[in-house]
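S.K.: What follows is each chain in one-letter form.
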Amino acid sequence: MSDTVLDNEAPGAAQTRPLVVRFAGDSGDGIQLAGAEFAKSTAEARTDFMTFPDYPAEIRAPQGTLFGVSAYQIQFGANEVLTPGDDADVLVAFNPAALKTNLQHLRNGGVLVVDESNFDARGLKKAKIDGNPLEDGSLDAYQVVSVDVVKRTLEALDHLELGRKQATRAKNFWVLGLVYWMFGRPLDSTIDWLNAKFKKAPEVAKANITAVKAGHAYGETIELAAAPEFRKPRTAEHHKAKSRIISGTQAMAYGLAAIAALGERDVVFCSYPITPASVLLHVLARFEGGIRTFQAEDEIAAVSAALGASYAGSLGVTASSGPGLSLKTEAIGLGVSAELPLIVIDVQRAGPSTGMPTKPEQTDLTMAIHGRHGEAPVPVFAPATPDECFWVILDAARAAIETMSPVIVLSDAYLANAASDWDIPDIDAIPDLDWPQYEADGTGFEPFRRDGKTLARPWVAPGTPGLAHRIGGLEKSDGAGHISYDPANHGEMTRLRAEKIARLAERRPGVQLEDGPEDADLLVVGWGSTYGAIAQAVKDMNAEGARIAHVHLRQLNPLPRVLGDLLDRFPQIVTAEMNTGQLSTILRSEFLKDIACISNVSGQPFHVSRLREEFKARLEAKAK
Amino acid sequence: MNEMPVKATQALTANDYASDQEVRWCPGCGDYAILKAVKSVLADIGRSPDDVVFVAGIGCAARFPYYLSTYGFHTIHGRAAAVATGVKLANPDLDVWVVGGDGDFLSIGGNHTLHALRRNVDVNLLLFNNAIYGLTKGQYSPTSPVGTRSPSTPGGSVEAPVNAVRFALGAGAKFVARAADTLQTHLPEVLKRAHANRGASFVEILQNCIVYNDGAFGLINDRSESQNATVRLEHGKPMIYGKEQDRALVFNDGTGAFEKAMLADLPGKDAIAVHDETNLVRAQALAQLDQPEFPVPLGVIYAEAAPEFVASRGISGTKGDWNRAALKALLNP
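So the sequences go chain by chain: A and B.
Quick note on numbering: the first sequence equals residues 1 to 624 in our numbering.
Quick note on numbering: the second sequence equals residues 1 to 333 in our numbering.
One should not assume that every hint holds.
[What the hints assert, rightly or not] In silico EDC-like pairs for lysine to aspartate or glutamate, Cα to Cα no more than 16 Å straight-line:
1) A/LYS100 - A/GLU135
2) B/LYS328 - A/GLU288
3) B/LYS328 - A/ASP432
[As the list claims (entries may be wrong)] Anything over 10 Å on all C-beta distances counts as not near chain A; from chain B, calculated:
4) ALA43
5) THR153
6) PRO161
7) ARG193
8) GLY242
9) THR255
10) LEU280
11) PHE294
[As the list claims (entries may be wrong)] Away from chain B, derived, C-beta distances all over 10 Å, residues of chain A:
12) PRO202
13) ALA227
14) LEU262
No wet-lab data here; the hints were simulated from the structure.
What you are looking at is a predicted structure, and each value in this text was computed from that prediction instead of being measured.
Idealized CB from N, CA, C, for every residue including glycine.
Sequences and hints are given; from them, build the entire structure.
M.R.: So this is what it looks like as structure tokens:
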């Protein structure tokens with residue numbers, strides 16, 4: 001093994017191109033932990049990055065099985081990194097199952113670090129592999145670094161007198177140490193973190209610290225000479241000194257904390273645990289101010305309690321995933337009818353039904369826009385990046401209060417879990433969140449008399465002296481708000497509820513191109529988490545001479561101003577969506593234009609390479 | 001929002017709690033009697049209508065908020081208890097009442113009733129039990145007795161009904177009472193006790209549906225005959241009942257059940273069971289008693305002081321000093 005020189009000169013690659021590392025192993029191997037620590041060290045090097053935790057729904061699947069494999073991918077580089085990367089430069093496989101399921105993610109010629117300890121007959125059988133890939137030449141296309149990690153970890157920890165089982169648990173840190181060595185990373189921050197994390201169990205901290213040091217030393221000892229490219233600094237100059245790692249979920253939690261800090265009232269967050277939305281409840285429950293959290297008995301109770309909180313003058317928020325959104329629809333309809341603000345966060349996952357709970361998809365768009373009985377329009381927003389998950393919540397809060405309506409925010413399992421470096425927002429630069437106050441004008445209070453500009457009704461919470469009134473889901477008379485079965489009134493109220501949402505577009509920014517020339521040959525329309533992959537593909541292809549434009553929608557209902565004019569300018573339009581064409585269908589019906597869809601329903605984010613092929617095919621077809 | 005001062009200078013009357021809306025229940029409906037009792041109780045409690053909220057689900061009973069001058073929210077079928085929980089999360093100072101029928105509380109919304117009770121959310125839950133679905137035109141309900149003939153059960157229903165009091169006790173309710181619509185001296189007293197309790201107060205009100213289920217409760221809510229059909233529970237008092245006050249309940253320790261007896265047949269007054277509303281086992285035994293074999297217990301069946309949800313558990317931070325500085329500290333650890 002000595003003098004192994006790892007080569008990483010991919011053909012045509014720029015000198016400091018971004019690198020992709022992928023860790024894969026049993027869901028109980030500590031893969032996500034090792035990946036997260038690697039991401040932290042990447043952030044400390046002030047490098048741009050994006051991560052993608054790709055894990056199964058099973059908490060502790062049987063060891064060594066194909067369905068129990070958990071993976072964590074990270075791409076990092078000096079320039080803006082927009083995706084977790086397509087193919088990995090380095091794949092770490094902790095067992096045969098991880099190798100079998102993840103080899104497809106390693107680029108040809110890439111570095112494969114394998115824990116050979118599990119490549120015995122039993123381990124190979126569990127992974128349903130005939131023969132031993134470490135011996136049969138099937139891995140010749142890769143640079144294989146095969147180490148008996150378990151044996152090495154046990155040797156390193158021998159003097160600590162731990163049980164074999166406990167000592168073996170430190171193997172993820174041994175591997176992390178080896179990977180740190182390959183990329184020339186310091187160990188300090190991981191050691192500090194372990195000391196802090198296991199303050200009450202110093203023996204555990206010591207075992208893991210010993211392991212990470214031993215893995216690092218192993219790399220050095222065997223003179224595993226990493227490709228020089230691996231060790232090049234990739235400092236992103238645009239970074240402020242103060243940035244931190246943030247996932248979409250954390251960003252949303254901070255956004256909710258910001259609503260409470262920038263406005264006069266509490267946020268009341270009510271939800272029922274569901275993958276992948278539950279983590280938001282966990283994060284919020286730890287906050288010490290501003291947000292009251294409530295774990296309801298079911299999805300319906302969660303949205304009902306949130307609506308009750310809004311009725312009583314707080315801002316009610318509920319979060320779920322697709323199956324939960326289905327259950328919440330009746331109460332969202334009540335929010336539309338009673339005209340109360342509410343934020344509904346849908347962290348979309350692969351469906352229908354239970355589907356693939358940990359895998360991302362964008363298949364709830366039409367449900368968010370249309371999925372209620374009666375005519376019940378609501379604003380629908382979608383963040384494009386983990387960073388935007390902070391801002392979209394503030395946007396949603398302003399829209400909900402301004403329109404006195406529920407607002408749906410569509411995130412997904414990828415955005416929720418993906419982490420990137422985050423420039424901490426300048427809180428002083430964010431305007432206050434205005435909570436409307438009803439002001440008597442001497443003409444008497446009417447709960448459904450609307451603001452002339454926004455068409456919103458007054459928000460008067462119980463406890464307000466002299467203004468007690470009754471509201472509900474029965475149709476109300478315009479103005480006075482009494483129960484009304486008057487035919488003309490119902491038509492007018494239906495129109496007003498729609499007009500109120502439509503007018504929101506006038507007060508919000510229109511769309512503009514993200515990238516590409518105004519007279520491009522192809523316009524790509526995206527929404528939500530596909531932003532990174534589309535932006536990267538368009539940027540790369542335009543650099544090579546293509547003429548592609550990219551527009552990305554954050555506001556799905558009402559559609560942004562001037563979108564129709566913008567679409568008119570391009571000879572060919574295509575959406576790229578993690579569904580079978582929901583946005584393209586909406587745009588077609590709205591603008592009567594021929595808009596195709598590049599569809600991806602694999603439970604995995606788009607690969608940049610896939611988009612490049614699709615864009616290329618469309619440009620060529622048009623040219624013919 | 002801060003608690004509004006109670007109008008102390010000028011006594012409020014039942015009329016101060018009436019809204020300007022025309023009441024749309026069928027003539028003779030038991031809901032009229034309940035509305036009258038609630039208005040008088042609200043006046044006795046004396047909180048301003050501005051601090052009182054009635055949350056209702058869907059059904060005949062759930063129209064209740066429209067007929068009061070308090071704040072009111074007519075929500076969706078079965079979810080009133082969940083909405084009311086949210087109201088209390090936002091503003092614990094409000095006086096919150098939840099109104100629903102047997103469909104709302106025990107069928108479509110049974111889950112929310114269960115959880116509001118076991119959490120001990122500080123709301124008063126008034127179940128208007130008429131043992132039928134009225135607003136949808138007379139189908140059998142979860143409290144209809146076996147054999148109920150209805151549009152959806154022309155041959156008679158076959159399902160065992162749910163006993164609302166047993167359900168509430170099983171859910172861990174800390175305050176469980178039963179009353180009847182037309183007993184206008186008894187019902188207000190029960191409602192006042194329910195209001196005084198901090199935490200979830202569950203009151204089953206036996207309510208006559210004059211159109212679809214007239215007479216469902218036999219003589220219980222018949223003003224002149226009720227004394228023979230019911231036993232009025234008072235904490236610490238012997239369980240004597242009957243128009244002539246000549247009957248009593250006796251507790252059989254061997255079977256763990258109440259038995260009825262004529263006072264004249266008992267060896268002495270000590271044999272009569274004494275109501276202890278803090279005794280859960282006795283409460284469960286009381287819940288078993290039903291007509292025609294037994295008098296139906298009315299009054300506070302069970303009451304146990306326990307921490308209410310809002311003040312004690314389940315909440316993380318409140319607004320307090322949460323401001324820009326706090327947010328900055330959170331974002332810059």
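S.K.: So, for every hint listed, does it hold in this structure?
M.R.: Tested hints:
1. A/LYS100 - A/GLU135: 15 Å, holds
2. B/LYS328 - A/GLU288: Judged against 16 Å, a Cα distance of about 13 Å means the pair holds.
3. B/LYS328 - A/ASP432: 14 Å, holds
4. ALA43: It holds; B/ALA43 is separated from chain A by about 15 Å at its closest Cβ, greater than 10 Å.
5. THR153: Answer for B/THR153: holds, closest chain A Cβ roughly 26 Å.
6. PRO161: For B/PRO161, whose nearest Cβ neighbour in chain A is about 23 Å away, the distance exceeds 10 Å, so it holds.
7. ARG193: 24 Å, holds
8. GLY242: The assertion about B/GLY242 holds, with a minimum of 43 Å to chain A.
9. THR255: The claim holds: B/THR255 sits with its nearest Cβ about 36 Å from chain A, beyond 10 Å.
10. LEU280: For B/LEU280, whose nearest Cβ neighbour in chain A is about 23 Å away, the distance exceeds 10 Å, so it holds.
11. PHE294: Holds, since 34 Å exceeds 10 Å.
12. PRO202: 24 Å, holds
13. ALA227: About 35 Å separates A/ALA227 from the closest Cβ of chain B, which puts it past 10 Å; holds.
14. LEU262: 7 Å, violated
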